[in-house]
Amino acid sequence: MPEHSAHLLIIDDNEDILFMLQTMLQMKGYKVSVKNNMEQLYEYIERVHPDLILMDMLLSGADGREVCKYLKSDGLLASIPVIMISAHPNAEKECLEAGANYFLGKPFEMIDLSATVAAAIEGASKR
Amino acid sequence: MPNQTQINPSVDQYHFLSGGGEMGELTRAKDWSKTPVGDPGIWPQSLRTIIGVVLNSKFPMFLWWGPELICFYNDAYRPSLGQNGKHPSILGMPAAQAWPEIWAIIKPLIDQVLAGGESIWFEDQLIPIYRNGKMEDVYWTFSYSPVNDESSKVAGVLVTCTETTEKVQIHNRIEQSEIRFRTLADNIPNLAWMAKADGYIYWYNKKWYDYTGTTPEQMEGWGWQSVHDPLKLPTVLDRWNTSIQNGEIFEMVFPIKGADGKFRQFLTRVLPVKDGDGRIYQWFGSNTDITAQKDIQEALKESEQRFRSTVKQAPVGITILRGKEFIVEMANDAYLQLIDRKESELVGRPLFDSLPEVEEAVHSLLDNVIDTGVPYHGNELPIPLNRNGKLDICYFDFLYHPLKDEDGKISGVIVTVTDVSEKVEVRKKIEQNEERLSIIVEASELGTWELNVKTREAKYSKRYLEILGGYREEIKLTHDQLLRHLHPDDMAIREKAFSAALASGYLHFEARLVWNDNSIHWMEGRGKVFYDAKNQPEKLIGTIRDITTEKTHQQELEESEQKFRLLADSIPQHIWTSDTEGNLNYYNQSVFDYSGLSPEEIQKGGWMQIVHPDDREENIRLWIESVATGKDFLFEHRFLRHDGQYRWQLSRAIPQRDASGNIQMWVGTSTDIQDIKEQDQQKDYFISMASHKLKTPITSIKGYVQILQATYQNNDDPFLAKSLGIIDKQVGTLTRLITDLLDVSKIKTGSLLFNKSHFNLYDLIKDITAEIQHIYPVHNFVEPGECNISVYADKEKIGQVLINFLTNAVKYSPGSNKVKVDCVSDGISTTVSVEDYGIGINKSDSDKVFERFYRVAGKNEKTFPGFGIGLFIAAEIISRHNGTIGVKSEPGIGSVFYFTLPLEH
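Chains as they are written, first to last, in this note's numbering: chain W, 242 to 368; chain G, 996 to 1900.
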């Protein structure tokens, strides 16, 4: 099993999806933190300061697009790559407009998830 | 090109084709053997007779003959056809071919006449015809009369017509100006008159008639000579003729006889009136009374001297005869010319020695003048005269005036004579034409009448009696007896029309008649008022026409129209009609109920006022396009309801065409589809939401299956591996179904987006085929040979189409394992096809398989899965790539589904 030093944060209010993503990415050797609610979200992100954020577009208590916009406007957090996930028909365009670096449409193959995550981390390290 | 004026010798021998000017020549020159009527040699007598009348008539006439209604017409008719139109090509042509543009109008009229119906008569009807290189609005007054053949069957239709376009257009204008002018001219203090360029006086003012005590009939033309002094007349004539010839102003003093028989001296001035080109087209004369200071008798004596010298040059024939032998003392040039004799053979000899042929006609008249001293006026007297080498009957106006010697004894006769042969000939022709006209009036089924306003004496034709009261015989009725046939309720209409006619000069009214058998009939009366010299109504001349059939038709039409309106008003859809220009001219009640607008408001503001502002531009564009091309109009737009709500309507309009395919009107309907549309939108919203909600649990299932597969990939348990494989495959199928459902709703809402890129189509075919092969390992997918086809398209969606074709091929071919994929290019586009050897599709179904939710139905294929929306999406995807999609299939043999894409250049 390959080892990655990268630290990923997954934000999703659907516990099943959250655990699935966590399992898949841990199988790929990433260090994974998860958050299933919006309480003190930004303080949490600042404290953890992950290498990548993976989050669903529609979250209970917050709109993923607003979260993304906030992160991209914050001097400290703007450099963290964001992958957004959604099943909504028009989500891709809106997520990318909100500043997300990548988008994954539900349902997806495991291979697509790991490829996207790898690309996002590589892209961020080159910057 | 054949010489049209060359006379066909075989036709020339037929005397019934003689005369008739240009049309006579064309008719003779025509090779009739090539037409359905055949060579004139075999024409029936009835056709010969009527052709003779038509060709020689000065009244415009047209004839349709035989079952094919072959066209004949005369010179008088010819101008109606204009330049660059039908003349002369329609001569001998069947009517339907000659008059396509008005065939729908005239065919029923012709049929009516052919069927033995009544003749038809219309006044000032608008019938547009093609001439002068375009369609022209032409007004006609015409009648259609049946022409019988030898077996008394109706074999042809005689059309007598006059074009009245100009009349209709300028009638009122001219009438106004005419009245103004006459009023003016009648009120000037001088005697005044107007003559044509040749000196023919056609108008005198009222003062002239008042002074001379004459009537217009007496005065017209050269009648003024009767109020002149006979001795002075030759000079006046001479001077006047000189003026006419040279176009010079005429100025002269001469006596004019008043109503009291006394002469007064008038200074007469006649000015030529010239047109734009300087040509004289009329003369305007005035006679001013300068009060006679000279004794008329003295003046006569003086002029006697001048007379002799001027007689010689006078343009009127003058000769002086002496004694009972009537020895010719002198004869002027005009006289010699008139009788075609030399002076030497005439002068000094008894008149009848030189002119034996006139003796019988005039000898006794001359004798009488000599014996009694009473002058003799001959008016249009027919005299046989041997001149120009043949004996002809000539017509003369002449005066035999006794000549007295100093003792007052009558010693001779002075003869003044004018040759009026030509005038009489012309008048005879006019009389003939009038006779023909009366035949036509008879044929056109008009009754004629004449009423003396003063005596109330009435004259009328046989047909008049027939129309008025159903009389079969001619009987003499008084005016009051005639009036009794008028329906009592319509008496007021008639009274009003007559009062109006006495003021306007024209009579027109429609009224009911009660026949002797008490049946009710309709008539139309027209007439013209004639006035006497004092401008008082003198008589009325007019026609009456039986319009019962028209009126009945009109009533039936009104009833039928009423029925249609009731029907249209009770239909819940909006119904409207438009003219050929696209102007809406009728709306049913539903439109007013829906919009809350009154008919006046819709009429004033147009129907666009209720169309949603966002829909107007496209609405107008499509409507104009439909009106211009004649294609059906189909459009979805929103109409404003009376409560302020815009509701969606599906509007459709179809052109109504006549027998020759010309659009007559448009009939449109608008159906409220708001509720259907809302339901559709709700359904699409539901599908979109449901698909979205389904995707999250599927993501979970798919994800965990993949984790399990990854975790246990090296496990030995074959059941676990197979189970996970099946779950993964089925989740894949479910995912595609959901994607399809979502795509359908995207197509419906117009939000299906394309992400186009350049790629090699062959590579995509290979990848997709491999993927499907993986899912259906038992099937044999035959791939195309390697090729390089570059397209610019949405790779994923084109892949989706191909997957759909391939999975359908597997689904619908239970008995076969072979599926053949092919790809060919023709340089412009590339065609990808998927061929199976399955159950196939009926022809009737093959057009429908690309419709939404359509599935091939039948006992054999009920068990196959799928929503049947894959092909609908495929069709949408291909059409959005400007490609085509289709299927060729034979039941029991198999199907070939294909799509084409434009190639990149």
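None of these hints come from the bench; they were simulated from the model. From the three backbone atoms N, C-alpha and C, an ideal C-beta is built for every residue, glycine too. Be aware that one or more of the hints could be misleading.
To be verified - Quick list of in silico lysine-lysine cross-link-like pairs, BS3-like style, CA-CA up to 30 Å:
| # | chain 1 | residue 1 | chain 2 | residue 2 |
| --- | --- | --- | --- | --- |
| 1 | W | Lys269 | G | Lys1672 |
| 2 | G | Lys1751 | W | Lys334 |
| 3 | W | Lys269 | W | Lys310 |
| 4 | W | Lys334 | G | Lys1337 |
| 5 | G | Lys1457 | G | Lys1471 |
| 6 | W | Lys310 | G | Lys1081 |
| 7 | W | Lys269 | G | Lys1688 |
| 8 | G | Lys1029 | G | Lys1053 |
| 9 | W | Lys313 | G | Lys1751 |
| 10 | W | Lys310 | G | Lys1751 |
| 11 | G | Lys1688 | W | Lys310 |
| 12 | W | Lys334 | G | Lys1471 |
| 13 | G | Lys1424 | G | Lys1399 |
| 14 | G | Lys1252 | G | Lys1191 |
| 15 | G | Lys1418 | W | Lys334 |
| 16 | G | Lys1678 | G | Lys1741 |
| 17 | G | Lys1741 | W | Lys269 |
| 18 | G | Lys1423 | G | Lys1534 |
| 19 | G | Lys1337 | G | Lys1257 |
| 20 | G | Lys1717 | W | Lys334 |
| 21 | W | Lys334 | G | Lys1790 |
| 22 | W | Lys276 | G | Lys1457 |
| 23 | G | Lys1534 | G | Lys1418 |
| 24 | G | Lys1081 | G | Lys1029 |
| 25 | G | Lys1672 | G | Lys1843 |
| 26 | G | Lys1546 | W | Lys313 |
| 27 | G | Lys1672 | G | Lys1724 |
| 28 | W | Lys313 | W | Lys334 |
| 29 | W | Lys313 | W | Lys276 |
| 30 | W | Lys334 | G | Lys1743 |
| 31 | G | Lys1717 | G | Lys1743 |
Claimed, not checked - To list a few chain W residues with every Cβ distance to chain G over 10 Å, as calculated:
| # | residue |
| --- | --- |
| 32 | Ser246 |
| 33 | Gln281 |
| 34 | Ala360 |
Right, here's what the structure says about each hint:
1. Our distance criterion of 30 Å between C-alpha atoms is broken by W/Lys269 and G/Lys1672, whose separation comes to about 50 Å.
2. Distance check on the hinted pair: G/Lys1751 and W/Lys334 sit about 15 Å apart at the alpha-carbon level, within 30 Å; holds.
3. For the proposed pair W/Lys269 and W/Lys310, the alpha carbon gap of about 29 Å is at most 30 Å, so the pair holds.
4. Restraint check for W/Lys334 and G/Lys1337: the C-alpha separation of about 121 Å exceeds 30 Å, so the hint is violated.
5. Taking the CA atoms of G/Lys1457 and G/Lys1471, the gap is near 10 Å; set against the 30 Å cutoff, the hint holds.
6. This hinted pair does not check out: W/Lys310 and G/Lys1081 have alpha carbons roughly 81 Å apart, beyond 30 Å.
7. Only pairs whose Cα atoms come within 30 Å are accepted, and W/Lys269 paired with G/Lys1688 is accepted, the gap being roughly 28 Å.
8. Proximity of G/Lys1029 to G/Lys1053 is assessed by CA-CA distance (about 28 Å); at most 30 Å being required, the pair is judged to hold.
9. Under the criterion of a C-alpha separation no larger than 30 Å, the hint pairing W/Lys313 with G/Lys1751 is consistent with the structure, at around 29 Å.
10. For the given pair, W/Lys310 sits about 28 Å from G/Lys1751 by alpha-carbon distance, which is consistent with the 30 Å threshold.
11. Restraint check for G/Lys1688 and W/Lys310: satisfied, since their Cα atoms lie roughly 25 Å apart, inside the 30 Å limit.
12. With a C-alpha separation of about 102 Å, the suggested pair W/Lys334 and G/Lys1471 falls outside the 30 Å cut-off, and the hint is violated.
13. Distance restraint check for G/Lys1424 and G/Lys1399: the Cα-Cα separation of roughly 42 Å exceeds the 30 Å cut-off, and the hinted pair is therefore not satisfied.
14. In summary, the hint linking G/Lys1252 to G/Lys1191 is supported, as the alpha carbons are separated by about 23 Å, within the 30 Å threshold.
15. With a CA separation close to 101 Å, the supplied pair G/Lys1418 and W/Lys334 exceeds the 30 Å bound.
16. Distance restraint check for G/Lys1678 and G/Lys1741: the Cα-Cα separation of roughly 12 Å lies within the 30 Å cut-off, and the hinted pair is therefore satisfied.
17. A threshold of 30 Å between alpha carbons decides the hint, and for G/Lys1741 with W/Lys269 the separation of about 36 Å lies outside it, so the pair is violated.
18. Distance restraint check for G/Lys1423 and G/Lys1534: the Cα-Cα separation of roughly 25 Å lies within the 30 Å cut-off, and the hinted pair is therefore satisfied.
19. For the hint linking G/Lys1337 to G/Lys1257, the alpha-carbon distance of about 40 Å lies beyond 30 Å, and the restraint is violated.
20. Distance hint between G/Lys1717 and W/Lys334 is unfulfilled; the C-alpha atoms sit about 38 Å from each other, more than 30 Å.
21. Taking the CA atoms of W/Lys334 and G/Lys1790, the gap is near 18 Å; set against the 30 Å cutoff, the hint holds.
22. Between W/Lys276 and G/Lys1457, the direct Cα distance comes to roughly 115 Å. Violation of the 30 Å bound is thereby established for this hinted pair.
23. With a C-alpha separation of about 28 Å, the suggested pair G/Lys1534 and G/Lys1418 falls inside the 30 Å cut-off, and the hint holds.
24. Proposed proximity of G/Lys1081 and G/Lys1029 is supported: the alpha carbons are some 19 Å apart, at most 30 Å.
25. With a C-alpha separation of about 22 Å, the suggested pairing of G/Lys1672 with G/Lys1843 holds against the 30 Å cut-off.
26. Restraint check: the Cα-Cα separation between G/Lys1546 and W/Lys313 comes to about 87 Å, which exceeds 30 Å; the hinted pair is violated.
27. At roughly 37 Å between alpha-carbon atoms, G/Lys1672 and G/Lys1724 are farther apart than 30 Å, so this suggested pair is violated.
28. Between W/Lys313 and W/Lys334 the alpha-carbon distance is near 17 Å, which keeps this suggested pair within the 30 Å criterion.
29. Between W/Lys313 and W/Lys276, the direct Cα distance comes to roughly 19 Å. Compliance with the 30 Å bound is thereby established for this hinted pair.
30. A distance of roughly 20 Å separates the Cα atoms of W/Lys334 and G/Lys1743; the hinted pair therefore holds under the 30 Å criterion.
31. Distance restraint check for G/Lys1717 and G/Lys1743: the Cα-Cα separation of roughly 39 Å exceeds the 30 Å cut-off, and the hinted pair is therefore not satisfied.
32. Distance to chain G confirms W/Ser246 as a non-interface residue, since its nearest Cβ pair spans about 22 Å, more than 10 Å.
33. For W/Gln281, the requirement that its beta carbon stay farther than 10 Å from each beta carbon of chain G is met, with the minimum near 26 Å.
34. Against the 10 Å criterion, W/Ala360 stays outside the reach of chain G, whose nearest CB is about 18 Å from its own CB.
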